[in-house]
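Protein chains: 2
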Amino acid sequence: MEEVDHLAQERSRAEFDVEAMKVVWAGSKHALDVADRMARVVASDPVFRKDNRTMLGRKELFKNTLRKAAHAWKRINELRLTEEEASMLRFFVDEPSYVDLHWGMFVPAIKGQGTDEQQQKWIPLVYKLQIIGCYAQTELGHGSNVQGLETTATFDPKTDEFVIHSPTLTSSKWWPGGLGKVSTHAVVYARLITEGKDYGIHGFIVQLRSLDDHSPLPGITIGDIGTKFGNGAYNTMDNGVLRFDHVRIPRDQMLMRVSQVTREGKFVQSDVPRQLLYGTMVYVRQTIVSDASKALSRAVCIAVRYSAIRRQFGSQDGGPETQVLDYKTQQSRLFPLLASAYAFRFVGEWLKWLYTDVTQRLQANDFSTLPEAHACTAGLKSVTTSATADAIEECRKLCGGHGYLCSSGLPELFAVYVPACTYEGDNVVLLLQVARFLMKTVSQLASGKQPVGTTAYFSKIQHLTQCKCDVTRADDWLNPSTIVEAFEARAVRLAVNCAQNISKASNPEDGFYELSADLLEAATAHCQLIIVSKFIEKVQQDIQGHGVREQLQILCNIYALFLLHKHLGDFLSTGCVTPKQGALANEQLRKLYSQLRPNAIALVDAFNYTDHYLGSVLGRYDGNVYPTLYEEAWKDPLNESVVPDGYHEYIRPLLKQKLKLSRL
Amino acid sequence: MEEVDHLAQERSRAEFDVEAMKVVWAGSKHALDVADRMARVVASDPVFRKDNRTMLGRKELFKNTLRKAAHAWKRINELRLTEEEASMLRFFVDEPSYVDLHWGMFVPAIKGQGTDEQQQKWIPLVYKLQIIGCYAQTELGHGSNVQGLETTATFDPKTDEFVIHSPTLTSSKWWPGGLGKVSTHAVVYARLITEGKDYGIHGFIVQLRSLDDHSPLPGITIGDIGTKFGNGAYNTMDNGVLRFDHVRIPRDQMLMRVSQVTREGKFVQSDVPRQLLYGTMVYVRQTIVSDASKALSRAVCIAVRYSAIRRQFGSQDGGPETQVLDYKTQQSRLFPLLASAYAFRFVGEWLKWLYTDVTQRLQANDFSTLPEAHACTAGLKSVTTSATADAIEECRKLCGGHGYLCSSGLPELFAVYVPACTYEGDNVVLLLQVARFLMKTVSQLASGKQPVGTTAYFSKIQHLTQCKCDVTRADDWLNPSTIVEAFEARAVRLAVNCAQNISKASNPEDGFYELSADLLEAATAHCQLIIVSKFIEKVQQDIQGHGVREQLQILCNIYALFLLHKHLGDFLSTGCVTPKQGALANEQLRKLYSQLRPNAIALVDAFNYTDHYLGSVLGRYDGNVYPTLYEEAWKDPLNESVVPDGYHEYIRPLLKQKLKLSRL
Ligand SMILES: Cc1cc2nc3c(=O)[nH]c(=O)nc-3n(C[C@H](O)[C@H](O)[C@H](O)COP(=O)(O)OP(=O)(O)OC[C@H]3O[C@@H](n4cnc5c(N)ncnc54)[C@H](O)[C@@H]3O)c2cc1C
Ligand SMILES: Cc1cc2nc3c(=O)[nH]c(=O)nc-3n(C[C@H](O)[C@H](O)[C@H](O)COP(=O)(O)OP(=O)(O)OC[C@H]3O[C@@H](n4cnc5c(N)ncnc54)[C@H](O)[C@@H]3O)c2cc1C
Ligand SMILES: [Ca+2]
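In order, the protein sequences belong to chains A and B. Residues 1 to 664 in UniProt numbering are what the first sequence lists, from first letter to last. Residues 1 to 664 in UniProt numbering are what the second sequence lists, from first letter to last.
Hints are supplied without guarantee of correctness; some may be wrong.
Because identical chains cannot be distinguished in the list, a pair is counted as satisfied if it fits within a single copy or across any two copies.
[Stated by the list, open to error] Mimicking DSSO-like on lysine-lysine, the simulated pairs with C-alpha atoms at most 27 angstroms apart in a straight line are:
{"hint": "1", "residue 1": "K656", "residue 2": "K121"}
{"hint": "2", "residue 1": "K294", "residue 2": "K538"}
{"hint": "3", "residue 1": "K50", "residue 2": "K63"}
{"hint": "4", "residue 1": "K328", "residue 2": "K504"}
Hints are computed from structural coordinates only; laboratory data are not their basis. None of these values were measured; they are calculated from a predicted model.
Next comes chain A alone, as it looks inside the complex:
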């Protein structure tokens, strides 16, 4: 294949230091270095190839994933990688597997909910992979409503054991990743019953499979729940079903950090506050926001590069046609997504800080910011994952017909990404939690309670419900404080409107229920404000590198004004901006797109993704799209023979039959 960089000219147009932007994107020089090294380790290792993934049948696909997971573990140990490096390496392997749940859910559950002794017992086994664990919460009948789970864990004082049981079909565990075929253990969430009383949902460590031959232990029925969305995608994961028929486990396998059952069967709460459990949730959701920026940036990278290669229409005097990236419609669909990728990256970085902050406060028994932090992470998880899922599909459409081929990488990226909108909290259920928190914040203002953290702007409620935006020219919209005030005013006014309408209902619960669609919009406005604010704060930090701040400034403004245009109804109906000001924002947006255009390729290069990680013929670094598309096609199993299997049975007889059709 030729060794030409078809995007070289595009790259030469960049007005900023791409290497410096790589550091900003990665978070630090160190983070960039780790990511870069790990990405190369994976990309250069044939075991980790994934270009054939979408063509494999389920069993072959799954076995291949097992192979990769084992190989990754081997390499991690051979190379004596740090935890940071190991997790980066796993990230670049880019294939969902039991490993994710083992490290991402099983370990945090034991660390967060286990006593010190329990941690001392289990964590070494877990870290050495002498057992493999998963997180078995969801059941066939209950996902969002965790308190409604039906699996029971009944204490038997005679034997000092819990009896884990699935009393109904709908109590079957259903969905846990790694459960179906791999995990030897699980943290199982079940209703704790002791002394005839139901104490609600608690976590229990349950061994599922024999460590000798991997067969399910007595009383345990276990399997995979079947094929999921997309080729490859999440089908590399053994999401599982699990039923218990009176399975006994020792009492000390209940995770007892916050509540315990004594030898006699007494239920006791420890003095460790329950709120500690929320810390884990904040942690997990923060990683989901960070993953959103990765998935989104990946899709955007593919669509931007291909849009620079793809030419269609507009040839003058037989010259080359127009790059589709030059069409204003393409820009107005694509550049806000590029800006969103950066926005989500920075809000994710900030959430990491928030998690540290919350952890430190918890250790100092300060729970004051926890509800706000909890609402904030729930909301950001919801808003960023929903936007990312939509954006990946939009990027696919932006690639025209060729985006529909698996070799574009976009179909699989979409299919593997979308469940992020559902797991770790259904996005709508999460937004309703945010809305509940906002309504509480509003109602407590009256009693003088000061709103904290991301809701602090509610203390300016008097001003924000009355202020008028003072934009008179398009470039007034470049003023960060103008933007923030408009977003704050929108969020406050939507929240206050909801609160007022709720107060008209016969009782607040009915009102909340009745107005919940409006409440989603208010919650969304609040979350978008956070993202916009954190982006603005980022740009105001000390940023190194020629032209880097200027590009971030452009991206930040695009992100904010794009949202303003998209939700113009909110801004206008609450009187935050006038129609004229809305039109000026739109005008400014057009200018910003033109400013971004020459830097588009360099801005996606700054993600520093290898071709292996991107996994897209259309997004190749060198832009050599057409010959590669052509070559890839021939690898399809259907091309193994020129005349297809089935010709003699099902095509030839049709062609050869002599029909007398009355219809002719």
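Please build the complex by placing chain B with the ligands on the supplied structure of chain A, with the hints as guidance.
The following block gives chain B with the ligands in isolation, referenced to the frame of chain A:
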């Protein structure tokens, strides 16, 4: 399995005659009867089973499709089906295959572009399936820009033949369905070159494969372009790649209805007007709109039924939890989609009438309505397919985690549907055509030209740019003329704004290009107005059956007010409605959702879909969701063995290794 109707109580709540609604949905008693019979023929025939489709590898999947296509042909002939019945039967087989292109593109191309003699020669072969044809237009390098195709058809007067040739890699035909493995013939679009001159793109009938052994003819390279989005889905289709190395065809295989090449190689235009070709486009796009309503109604049917079965939260005193269909957020996401399904159904019906009208006019040499009809079908294709693609994914999300399983039917429905946004015209490119037509309409108003058909409202431009909406109470929004006027005013004002902004540019082309993102919004507004208007007209027709009109009225209002809320920015910024009126519309919308709620199940029952066609465990007619989900899971290939293939190589060694980890 138990024979209980878990939705019986829901069904008993319906306030209208479901059987009468089935007739309205189908279009007529006759249409319902045909659809019902054909759906049963397919559902009861084991050859047509499709529940295992998402688990098959590509080759097996494809062979199975060939088998179904052959079997369908056999049944069509055995049962002596009419053309209407045959096409319904094929529809319910519900699996993309070469048959679609043969009947849907190859036949119309020959009928539309072939001379009478050509039709006499080819149509009998085609109808008897003695040849199988496809439609080979798109190339690796050109899709949207048909005039840029590179394949050449050079006339050789010495032999009275055309030489079909692929001069570049990017000139390879790429995407045509049925091409990769099945078609014996294609209509190939190529640049006609004769007497050294390039006469642009024309269609040629080219034989691709031997009728004896199916091998590609000399000079022809042909294959499948590879795996596409999703499990099953469009992978049953052999979208193909095709290259010509100086392939010769007789001169009379150029489709010569509108232009001809004489024996001497002279290019001549016939007196048949070129516009005739547009008739076919109107036809094809009208079927796409009708298919949109089918795909959307199918997704909505699944989501509505499952939302009535699924209960989550809200149990009081240990009673059953709340059906998620009762949550206002669920309703506000789902009911507009149900309303859209009906809206698209009726606008599709109207387009069918439009096609007949255009055809009659063309026969009478009246081309006056053609540009408007063309713009209108292009726009409706774009708006309905984009909305449907988004809606299917939203329905999947509305089903929570279980929607992500292939057994829900929604992943495959999405994957198979989305290319409708791209083929037969990329949706953005089409909207730009509509916008161009609107700008022309506006500019011609000055010269007194009367706008026709769906643009007739532009003649009220004076009034529409000034009128004020007179809604003062929520239920004023139930007045059809209020709704229509608001939508007309929005569409006119957006178009006029664009026209004014364009006129400020140095030249109209630059202005159009610069403002194209705004033009998309104006074009969308125009198309949505058409859909709303046609729905209103439908409700005003003579409609049979108890309560049927009332339900349609509710759906129609939901559709209109949902759009108004979604695009509130447009309505407010152009001053069509005030913020207060916008809030009243939202209030009315909430009331409409409550009115719809008891009828929701019956309204999806009215689609009359068999469980076979729906192909969804979640959407089952009897609502017996959980036992079926559980049973389906075990059919996955991964469950063939309890201990997975790969355990000994890749799991056991991990568990058994003795590691000394410095990291612990
Ligand atoms: C790929 C994948 C991996 C997963 N991995 C795991 C795992 O490892 N371990 C595990 O335990 N689980 C796992 N899950 C399960 C996941 O956590 C649940 O699917 C998720 O919590 C959503 O719950 P649900 O499916 O019950 O949705 P439901 O709650 O049934 O949602 C259905 C609909 O009802 C709506 N709804 C529900 N409640 C309300 C309400 N109160 N108000 C308004 N609307 C409401 C929702 O918005 C949604 O539209 C996984 C799921 C997926 C898809
Ligand atoms: C499943 C499937 C089946 C198909 N079947 C057939 C078939 O049977 N026969 C056949 O001949 N073809 C077929 N096609 C090809 C299909 O017709 C083309 O993919 C389609 O016309 C879109 O063209 P494109 O792929 O070149 O998109 P492009 O034009 O390359 O689109 C890429 C991007 O550029 C944008 N863009 C392009 N031009 C402009 C412009 N002027 N202004 C603004 N933006 C622009 C688009 O909006 C899009 O975002 C099929 C495609 C698919 C996916
Ligand atoms: Ca808008």
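Now for the hints, and whether the structure bears them out:
When the C-alpha separation of K656 and K121 is checked against a cutoff of 27 angstroms, the pair qualifies only between copies, where the shortest distance is 18 angstroms, while the shortest distance within a copy is 73 angstroms. Only within a single protomer do K294 and K538 lie at most 27 angstroms apart by alpha-carbon distance; the minimum there is 18 angstroms, versus 47 angstroms between protomers. When the C-alpha separation of K50 and K63 is checked against a cutoff of 27 angstroms, the pair qualifies both within a copy, at 13 angstroms, and between copies, at 26 angstroms. Within a single copy, K328 and K504 get their C-alpha atoms only as close as 46 angstroms, which misses the 27 angstroms cut-off; across copies the closest is 17 angstroms, which meets it.
Hint compliance for this structure: no hint is broken.
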